[in-house]
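Student: Read off the chains here:
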Amino acid sequence: MPPREGTYGLLAEFETPGDLIRAARQARQDGWRRLDCYSPYPLEEAAEAIGFHRNKVPLLTLIGGLLGGAAMFALQTWISTLAYPINVGGRPTYSWTAFVVPTYEWTILWAGLSAAYGTLALCGLPELYHPLFNSPNFRDGATTDKFFLCLEALDPKFDLVESRAYLQAFEPLSVTEVEY
Amino acid sequence: MATSEVKIDEQRIDPATGEYRVITPGQTFRGVTEKITRLVLTPHTPLGWFAIFGIAGAGATMLMVAVVWLFLKGVGIWAISQPVAWGFAIINFVWWIGIGHAGTLISAILLLFKQGWRNSINRFAEAMTIFAVVCAGLFPLLHVGRPWLGYWLLPLPLTMDVWPQFRSPLMWDCFAVSTYATISVVFWYLGMIPDLATMRDRSKTRLSQYVYGMLAMGWRGSVRHWARYETASLLLAGLATPLVLSVHTVISFDFAVAVLPGWHTTIFPPYFVAGAIYSGFAMVLSLAIPLRKFYHLEHLVTLRHIDNCGKVMLATGFIVAYGYGMEAFMAWYSADHWEAFTFWNRAFGPMGWSYWVLITCNLAIPLTTLWSRKLRRNMLFMFILSIIVNTGMWFERFVIIVTSLSRDFLPSSWGTYRATKWDYMTYFGTVGLFVFLFLLFVRFLPMIPMSEVRTMLPGAKIKPKVAAEAGD
Amino acid sequence: MNPAANNAEDPMGNAVKNEKDMATTSGTPMTLAQVRKDLKGTRGKKFWRSLDELADTPEFRAAVEKEFPTAAQEWVDPVSRRSFLKVMGASLALAGLAGCTKQPEEKIYPYVKAPEDLVLGEPMYFATAHPFPTGAVPLLVKSSEFRPIKIDGNPEHAYNKGGSDPLSQGTLLAMYDPDRSQHVRYRGENRSWGEFVEAFRGKVASTKDGTGIYFLSATITSPTLARQWKAVQAQYPKAKLVQYEPALAGTWAEQGINVQFDTGAADILVSLDADFISGAAYPGFHRLVRDYANRRKHPEKGMNRLYAVESSTTTTGMKAEHRLLLRASEIPAFTAELAKAVGVTGVNPPAYDWTGEQKAYLAALVKDLKANPGKSVLMPGLYQDRSVYDLAMAINALLGNIGKTAFVSRDTVNPIPSDQLAGIKSLVADLKAGKVDWLVMLDSNPIYTAPADLDFPTAFNKAKVAVHLGSHLDETGQIAHWHINSAHYLESWSDCRAYDGTVSIVQPMIAPLYGGKSAHDVLQSLLNEPMLSAYETVRATWLPVIKKNEKVPGDVEMGWRKVLHDGWIEGTAFDKTAKATVETAFHGTVPAPASRDALEIIFRPEPHVYDGRWANVGWLQEIPRPVTNLSWDNGALMPGALITRLNVVEEDIVEMSVGGGKVKAPVVAMPGHPQNSVTVYLGYGREFAGRVGSGMGFNAYLIRNTWAPFYATGSIGKVPGKWGVAITKSHYQDHRGKEFGQQGNGDNSLEGDEALGPRGIIRYATMEEFKSNPDFAHEGVRYDTPSKDTTLFPNWDYSKQATENAWAMSIDMNSCVGCNACIASCYAENNIAVVGKQQARIGRIMQWIRIDTYFEGDLAAPRAHMQPMLCQQCEDAPCELVCPVGATLHTPEGLNMMVYNRCVGTRFCSNNCPYKVRRFNFLLYSDYDTPSLKLMRNPDVTVRSRGVMEKCSYCVQRIQEAKIKADKENRPIRDGEIVTACQQACPADAIVFGNKNDKTSRVSKLRENQRNYQVIADQNTRPRTTYMAEVLNLNPELEETPEEFSPAKG
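Residue numbers (the working numbering), protein chains in the order written: chain Y, 35 to 214; chain L, 1078 to 1549; chain B, 2 to 1051.
Where hints are given, some of them may not hold.
As the list claims (entries may be wrong) - Derived DSS-like pairs (lysine-lysine); straight-line CA-CA distance at most 27 angstroms:
| hint | chain 1 | residue 1 | chain 2 | residue 2 |
| --- | --- | --- | --- | --- |
| 1 | B | 935 | L | 1150 |
| 2 | B | 838 | L | 1150 |
| 3 | L | 1191 | Y | 90 |
| 4 | B | 801 | B | 964 |
| 5 | L | 1498 | B | 838 |
| 6 | B | 405 | B | 162 |
| 7 | B | 723 | L | 1498 |
Just so you know, the hints here were simulated from the structure itself, not pulled from any lab data.
All chains should be built: construct the whole structure from the sequences, respecting the hints.
Tutor: Structure representation (structure tokens):
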């Protein structure tokens, strides 16, 4: 996409996860919708605070697994009974007992791959450029020890001055404006 | 190691629980991060690293030479013959795969069991898995008579319209091992993404920022991403657990499905899996102990880890012991001559010595000493023990494969087996390759998962009130 | 400039180069000779490629059409063009400077159809015979595109009825031996045959009466050659002929004695050191074994009983119901005791303290013989004192066996009988006396084979001119002035007599590959028509006889045609009815046995390389010998006790000395070998045998002297060093029976105890047990056969409705004598690669069929059971199940197939084969380069490359051939129409192959027999190959194991 002009949003930096969560919950209650939190390690409370509950990864995994398994069993059956039916040591061509193992393996294989790629896809990764990376303190802290709350400009309530004041109310370490 | 340890010794025990601490107190997010990233980002590489890297590199080169000669001449350069048509190649294959298992186990099963202590060791344990699988994966390809046709084992629509034969355990292997490799890599890489992001942000040079940036795929720690990421990790763990159990089960089928006395037994699956975990944890120790020493990670990889590994080995060791016992018992109880003879031949036949090596290394030494807390905490002892156990496990496969084959149904075709220098070169070559890859890993990737360690730090504790509010 | 030169240097460029040369030379039409010159020096791949390029040049076609008019139309059809090119190419490659592979000019008559309508790719069969000093072996040779590719016995010949032996099988490879000498040479330089004849004829003529002209020949087997010799003698009365056959010199078989035994008519067979079962070394092997075996096929109808008194361990002794170990020197005395006990007059046996057990044996034997007058036969050993023969025949006479089971006649198999030891002695004397101007050696190698005490090599130098006619530049050829490369019997015309006297014409299958000459040509060159071909001389010998036989007088050509077609001349067999008088009294003296603590060394021809002539035949070298399973070596074969006494282990080196001679040899244990004696085989330790045989084993001729050609007392001692030998099967010496479950007493072989005991691999009963319980083969722990429904899966349908044919094989353990003929035949039929000593030593020998030998009881005096083991073609084959690529699978007719092209070489099938009959090409074993070997291969069988598993296929190529034939004629395949290679070769007819769905077929009848059993049946593999359990017709008066002695001591 072409680089957009203007402000991406306002970024508040917090020292502890607690402050972040409190701020996030408040912002949500105050009707903010286009906002996001960033933390150096998984912080479920924060996710819930900004109202993120639904998560499609398990479903994807299930579908992937079932498809993989079915595909493998079908493939084996087709090969052994139709495509290349040979007399192997007097065993029946359709010896399903022997087909179980590859089926099982492919179920896991495809479930696993769906889980991994599904997650990346849902997160929109890889996304090598993101406006947030423009803010130096984010780069320094977000993946190390700081906790960030970002109010995005796309939110109707967003106003550069008011929003900044609003964030200041949470006593963050700093509030910075993030350019695209 | 002594001096540095004595200083922190009193801090090691958590007064509250009396348990060993997983991480010594006084660690901060930034402190930990710095400590771990520095190992990688520092421009200066320790001389010791180069020394070992050189040796390992030589090993890998030796492997290459052996393989080239193998492809030129054929598998005849090995000791395999009639009736012992499988030798070192398959032994090493099973051995390496087995070693791999501990990694998956630590990262997956312990994750499911919410064993926090696993966090600081699971990354390199997984790396170990992957490199072990790489080494293992070489052998099935090398050991076939016509390696250039190996792809015939895959169900590909080839022009001849001829397809693989799915009743063969080797086909099952083909799928089990490839799946295992893939899932391990995916799991490992996914788990590393946040840390790669950290690396990206901490690195000073343009190049490393570039590389880690690419690898991190633009991870920025959004809690939404974290949520999905967590689910995915759990799911993968949930998948990897049955997978890791199935892989060695399938490998045990290579033998259990055959009619050969000494192979044809139902106890193999559990007994192989236990053995795998046994040797796997041994290998974890062989790696962890030197690592924490050379990189001064005593704070992160604490005695608690070593201790727990010891306990796991004790447990799995006993399962293995049960397996041996059962074999002996069934040999007698089944009243089946083939079984009885095979067992007798293992212990007292021409190759009986290998059986006793295995008993000594796998049962006699570990299962008597691992009881002692004191020994479990003695780094030097645990290191030596881990080597012993892996030797023992190698001989277990030797006994199963070679000894059983050497004397089977028809006495007229009994034979023997004497390994050639090419066998040894290939085997030790893979050891070299393994260490080689592992050293590259510790040099260029974060060997301890920072994001997971952070969750265990005091700083990560959210005030109960907040947490409660979060609940609604 | 010579293109060959560039070919050699610059393989890439030679394509272009050749074309250019062709273009330039196109003015003058090119000839094949020229092509050969061009191709000379190019080998292997390069050769074939440049040949292909050649093939497309018009000049080449012109040339080919000139020499092969019939082949002209081949060029139209690409396929036959290719197969024709093969022949052409090979011939060019081979020919060196000589002619190329085509039929001999003379008319030779094929077995089934005349040669003019040759269809490429379709084999033809010719009858001929293998001239062997102990009697000719009538053969039927399969020839493909004029290349003999398989040798088998002549099925219609009364003597061997299709049976053959390893040696005859091996002669095929001997003919294609790439190391054969290719030129006539004088002092190392190539000369022409003409030049030799000129020199030779001139010299001899100059002597007027032939003074100083000596011929040293191998035993003359050809009546025609004898006739030619008489002619030579008539012309040059002073010329001398000495025959020397190292393996037979001094035996009664060489001394104008001709006796035929009939093992079929005898109930009691007594072998007095007569090894008539091991191989063709004993006269009449094929017939004796066949008749012997026939009497054992139906125990319910009664069986013969074989007593073997022997001085070395041989298959004869191993098959015998009762075997007595005697040291070689004791046997004459024992025979004398026997003769005396039976009542032969004039015998006074030397005093000797026989052990109780020996006395008991004697008593029982005498009783048995007296109880069966006229129904017994005593066979004297070849390698024994003459008295043994005389005594044995006297006993035969006394018991009224003469004319019933033993026939003596005046005329002999070999036309010129003589005392060969005396002969060679006199020759050496004359040499030393300088009387010898020209020494002409016909197909013999005296430098290597002459007895040590004669010191032949020094005497040899006294000859003014030495001429050597031989197939190789061997020890003699190296130093002889003239060397003439001899033609193989498949390349030249001759004739010979079988055991029963029947004359066979040896007709060539192929023009001499290297333009070799035969003894006929050499002698003929002295006569009036020096260039008269062997063909003419042979015809001249027999046309009169044939004329007599002809019903329609006059049409001799018809008769000649018939003779060649059938492979023998009617009415030439010895007259059996003519009662030659055999005295019942004995006149000679009997030598006293050597003292018990003197060490005896026994000399025997090697079972496979015989006297050394086949040292360069890879098959014969590699195929493990009977009893010892030793390959690629001969050894000091000694009993366990001696091993202990010498304080050595196997593969240690001992030095043996007899008289002045000394020789070092590896120690090899020989179960059931008499105490204090060592068997050494002749024929090894060749220096100039060729790439295969040179330097293998040790030369036993060095301690063999004219005064003790068969056995001598000598000394033996350990010397430092190790000598690795290749023993191809699990070695009974390594494992002793005490080990497992305390069965056996430590003196037994563990293999034997296991196989006969709990594993039920070998099942046998004595006559009494069999009579009381005919079903013995199915009663025992592991003896039951699981029923068809012991499976979770539905059984595959092989019923008559499902498939017309269901192939199966039955092997009669009772008649198998372990002679290895089947193995050699399999090697030839299936292009099996020879792997060499080192590979064989580590267990990579490729044989598809092997003969497992299990020793029962005390290894000092065991009973052996020989079991041919080949792919069992299991219906529920474990090997197939585990192949990931389906490279081994089942045909609807129940064959377990190996698809070489599909095999990736995981070797899992081999691991999972309970019978371990699969063989893997661990390295590239097949020789893809040597042109002569390409010619020899069976075109219907793939040559396997590296990394591929292979195994017995029931000779599927033969099955297919028969099926196609049957289809063409629109009929079912007849029983016995398909004969597997092993079955065809078996002299004992122990192997039967056929269709088990055809209830009337031989094989299904045998499978219904109660003695029929499956090996390792309890694994439920359902083998298609089954075995007939042994029945031993023991003499109740004798216990099982004779000697009380423990080889655990050694």
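Student: Holds or violated: residue 1498(L) and residue 838(B), Cα atoms, limit 27 angstroms.
Tutor: Given that 27 angstroms is the threshold and the Cα spacing comes to 20 angstroms, the pair holds.
Student: Check the hint pairing residue 801(B) with residue 964(B) against an upper bound of 27 angstroms on the C-alpha distance.
Tutor: Holds, at roughly 17 angstroms.
Student: Regarding the pair residue 405(B) and residue 162(B), is the alpha-carbon distance no greater than 27 angstroms?
Tutor: Cα-Cα ~21 angstroms, so holds.
Student: Residue 935(B) and residue 1150(L): Cα distance at most 27 angstroms?
Tutor: 22 angstroms, holds
Student: Given the hint that residue 723(B) pairs with residue 1498(L), test it: the Cα-Cα distance must not exceed 27 angstroms.
Tutor: Holds - the C-alpha atoms of residue 1498(L) and residue 723(B) are around 22 angstroms apart, at most 27 angstroms.
Student: Is the straight-line distance between the alpha-carbon of residue 1191(L) and that of residue 90(Y) 27 angstroms or less?
Tutor: 23 angstroms, holds
Student: Regarding the pair residue 838(B) and residue 1150(L), is the alpha-carbon distance no greater than 27 angstroms?
Tutor: 18 angstroms, holds
When held up to the earlier numbered hints, the structure conflicts with none and fits them all.
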